[in-house]
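Heads up: the protein sequence lines correspond to chains A and B, in order.
Using this note's numbering, read the first sequence as starting at 22 and increasing by one per residue.
Using this note's numbering, read the second sequence as starting at 22 and increasing by one per residue.
Everything labelled a hint here was simulated from the structure, so no lab data went into it.
A few of these clues could be false.
Note: identical chains are not told apart, hence a pair may lie in one copy or across any two.
Stated by the list, open to error - Calculated lysine to any residue pairs in the SDA-like style (CA-CA distance at most 25 Å, straight line): (1) K101 <-> R230; (2) K174 <-> L233; (3) K174 <-> G232; (4) K174 <-> G231; (5) K174 <-> N227; (6) K137 <-> G232; (7) K137 <-> R213; (8) K174 <-> R230; (9) K137 <-> R216; (10) K174 <-> D228; (11) K77 <-> L52; (12) K174 <-> A223; (13) K116 <-> E170; (14) K137 <-> R215; (15) K101 <-> L233; (16) K137 <-> P220; (17) K174 <-> D224; (18) K116 <-> E86; (19) K77 <-> R230; (20) K137 <-> E158; (21) K116 <-> L58; (22) K101 <-> R196.
Remember, it's a predicted structure, so these values are computed and weren't measured experimentally.
2 protein chains.
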Amino acid sequence: MTDRNVPRRGLMLVLSSPSGAGKSTISRALLRDEHQLSMSVSVTTRTPRPGEVHGKDYYFITVDEHRHMVANGELLEHAKVFDNYYGTPRAHVEKELAAGHDVLFDIDWQGTQQLKSSAPNDLVTVFILPPSIGELERRLRGRAQDSEEVMRKRMARAADEMSHWPEYEYIVVNREVDESIAQVRAILTAERLRRERRPGLADFVNDMRGGL
Amino acid sequence: MTDRNVPRRGLMLVLSSPSGAGKSTISRALLRDEHQLSMSVSVTTRTPRPGEVHGKDYYFITVDEHRHMVANGELLEHAKVFDNYYGTPRAHVEKELAAGHDVLFDIDWQGTQQLKSSAPNDLVTVFILPPSIGELERRLRGRAQDSEEVMRKRMARAADEMSHWPEYEYIVVNREVDESIAQVRAILTAERLRRERRPGLADFVNDMRGGL
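Excised from the complex, chain A in its bound form (with noise of 0.2 Å):
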């Protein structure tokens, strides 16, 4: 045996952050960049937006199908955000685990949560901060001419996502993008050189021994 041929468990790349601090930019640049990776794409029962497509962005799902989802079992997570449901389909996620391929997971600390107890050895997550207050309220005011309500409740929302950085591994300051994707792809690279997620090292180190 080679160490080319020895066997890897793929792991599960969880990314969260407050909106405006940048993780949309940081996912597509990984997968783009990043062989053996894919996303997991989640069910919602919210209308998609123009330019949203079924199956990249979102399975969009009725409240009934998403009911029946987790009932069966065939959702990893799910989760009620403003009057709407999301899930993440089990199906595809362990599928590539087991062929040694990464999945990568852009859900917020509910979703995290509930990932760590159904899956815990398998899961590597990265929350990302914006590099001060005033570039997030920038970056949340740029998006659109939203009213000053919808802002208040998009600005309180930040605050309560960020409040949940303590439960990740590591944290990622995005003050330069490039290098906050430098960042993302080191862990990566990192946690998919882990012992554990190695399972065909044994073999392969016993045989050199043995040949000594």
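Fit chain B to the given chain A structure using the hints.
Only chain B this time, still in chain A's reference frame:
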């Protein structure tokens, strides 16, 4: 407070490997390229080899001096290998960690086990494996015109050292040295981003949330 000023605690990066796996090349590259990383220079009671520099390769000390350092708690770890005593001076390491700098250790499994008990939270352990038994033999033989007896002893020691790979967190198979260097650098980058090594983050986030 900006995130540039968020204090972090340094970490202790341990590289272990059987002799001939390429660890010295990797260490030199890391020390050359990485800011905030310095080598932990061990003490030893063995005779200097030609070209070895006191204070750079080792601190060459007497058996008596070694005994005193052990008795005074001045060594983070110490061991006897082939009739010679070795050890890691505590003072340099503690000063660097407190300043937020990292320290590189080139020590064997015995030293690693002792560091694990004396400083588990600051430790990051990496084991470097050769890509194949043939390559390891080639590198061990390539070193010098040693007798078969010396070669056998060296091979036995390599096999023994290799048996300790499961005690390490990260495993790097040194197939291409540039790839291995990149992998160890990724481990260092990732570990620096771990939440528990960045005690200043709580204030940083609380300041931001307070402003929302």
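*Given a CA cutoff of 25 Å, do K174 and L233 count as a within-copy pair, a between-copy pair, both, or neither?*
between (66 Å within a copy, 11 Å between copies)
*Homomeric proximity label, K137 with G232: Cα distance no greater than 25 Å*: For K137 and G232, neither the intra-copy (41 Å) nor the inter-copy (30 Å) Cα distance is at most 25 Å.
*For K174 vs D228, is the C-alpha pair at or below 25 Å within one copy, between two copies, both, or neither?*
Classified as between: cross-chain Cα gap 19 Å, same-chain 60 Å, threshold 25 Å.
*First find the shortest C-alpha distance between K116 and E170 inside one copy, then the shortest across copies, and answer within, between, both or neither for a cut-off of 25 Å.*
neither (43 Å within a copy, 51 Å between copies)
*asked:* Regarding K174 and R230, is the shortest C-alpha distance of 25 Å or less found within a copy, between copies, in both, or in neither?
replied: between (61 Å within a copy, 14 Å between copies)
*How would you label the pair K116, L58 (within, between, both, or neither) given a Cα cut-off of 25 Å?*
within (13 Å within a copy, 40 Å between copies)
*First find the shortest C-alpha distance between K77 and L52 inside one copy, then the shortest across copies, and answer within, between, both or neither for a cut-off of 25 Å.*
within (13 Å within a copy, 44 Å between copies)
*Between the shortest in-copy and the shortest cross-copy C-alpha distance, which are at most 25 Å for K174 and A223: within, between, both, or neither?*
Between copies only: 24 Å across, 52 Å inside.
*For the identical chains here, do K137 and R215 meet the 25 Å Cα criterion within one copy, between copies, both, or neither?*
Both. Shortest intra-copy (18 Å) and inter-copy (17 Å) distances satisfy the 25 Å Cα cut-off.
*Can you give me the call for K101 and R230, within, between, both or neither, at a CA distance of at most 25 Å?*
between (53 Å within a copy, 24 Å between copies)
*Given a CA cutoff of 25 Å, do K174 and G232 count as a within-copy pair, a between-copy pair, both, or neither?*
For K174 and G232, only the inter-copy Cα distance (15 Å) is at most 25 Å; the intra-copy one is 65 Å.
*Give the relationship of K137 and E158 under a CA distance limit of 25 Å: within one copy only, between copies only, both, or neither.*
For K137 and E158, the Cα distance exceeds 25 Å both inside one copy (30 Å) and across copies (44 Å).
Consistency with the previously given hints fails for numbers 6, 13, 19, 20 and 22, ordered from lowest to highest.
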